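Start from the sequences, fold in the hints, and give me the full structure.
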Amino acid sequence: LEKKSLDDVLGKMAAEKKLREEQEGKSQPMFVFGSKISDRVVKVGEASTYPEFTLLQEHDFIAEAKEAAEKKKEHDKPSTSIVTVTTGEENDINVFQTACKLHSFDKEKKTWVERGLAQIKINQRNENGEVHHRIVARTTGNHRVVINSRVHADMFFERVDQKRLKISATTPDSNAIQIFLVTIGFSKTALNIDEFCATLEGILRKEKACESAKRKRKVGDCGFCSCN
5 LEKKSLDDVL GKMAAEKKLR EEQEGKSQPM FVFGSKISDR VVKVGEASTY PEFTLLQEHD
65 FIAEAKEAAE KKKEHDKPST SIVTVTTGEE NDINVFQTAC KLHSFDKEKK TWVERGLAQI
125 KINQRNENGE VHHRIVARTT GNHRVVINSR VHADMFFERV DQKRLKISAT TPDSNAIQIF
185 LVTIGFSKTA LNIDEFCATL EGILRKEKAC ESAKRKRKVG DCGFCSCN
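With the first letter of the sequence shown counted as 1, position 22 gets the number 26 in my numbering; the numbers rise by one all the way through.
It is worth saying that the hints were derived from the structure and are not from the lab. There could be a bad hint or two in this list.
[What the hints assert, rightly or not] Per label pair, the in silico range of CB-to-CB distance:
{"id": "1", "residue 1": "93", "residue 2": "215", "range": "21 to 31 Å"}
{"id": "2", "residue 1": "215", "residue 2": "80", "range": "54 to 64 Å"}
{"id": "3", "residue 1": "74", "residue 2": "134", "range": "23 to 33 Å"}
{"id": "4", "residue 1": "172", "residue 2": "78", "range": "50 to 60 Å"}
Please read these numbers as outputs of a predicted model, since none were measured by experiment. Ideal Cβ placement from N, Cα and C applies to all residues, glycine included.
Okay, structure coming up:
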């Protein structure tokens, strides 16, 4: 009797379990392989569950990217501010200018040292009513000043040949007088050396006359002087 009762209980429990499973199966749709698979796949380009949030994120990202690009563009843009460059020749009147090749004489080594290609000028300036001339030479390319020397009565000047001449002059970094060898007419664009020599010789004559007149001022007025 006891065994029969236990079998009855187990059978009843199995029946209840089966009934419960059947009820749960009815409440959920039966899955058939391949059926309604499109409902289980996320469609590309389908609107997000939160479209407003997604658009806001995209908008912020684009705005930040544009702002960063503008900042970089401004940073990389070359400065357009006007910078005033002075050469020291603003008050000069150019009398002569031509291309040349320069050599300076090294007294210790007793040899000529090449200083490169340059533009040599004879400039005129009026200071306190007196007219002065100076020779300025700047290297081709970086315009570095190689010669900046006033033309005076005791200046050494010698023509060597058809293309070369020697002058005594000073440099910006030293007050010591150096001898320079100037080669003019080595290129088709260079002016004739005769023009340079004629211009410099004329200035030297006036300087010597002015210097001589200054020595005579103790006994009389200056009759001929380029500084008056």
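**OP:** Look at the Cβ atoms of residue 93 and residue 215 and judge whether their distance stays inside 21 to 31 Å.
**Re:** 25 Å, holds
**OP:** Return holds or violated for the Cβ distance of residue 74 and residue 134 against the range 23 to 33 Å.
**Re:** Roughly 58 Å apart at Cβ, these two residues miss the hinted range, so it is violated.
Original post:
Given a hinted range of 54 to 64 Å, is it respected by the beta-carbon distance of residue 215 and residue 80?
Top reply: With Cβ atoms ~59 Å apart, the hint holds.
Subject >> Status of the given 50 to 60 Å range, CB of residue 78 versus CB of residue 172 >> reply: 54 Å, holds
Violated hints amount to a single one, hint 3; each of the other numbered hints is respected by the structure.
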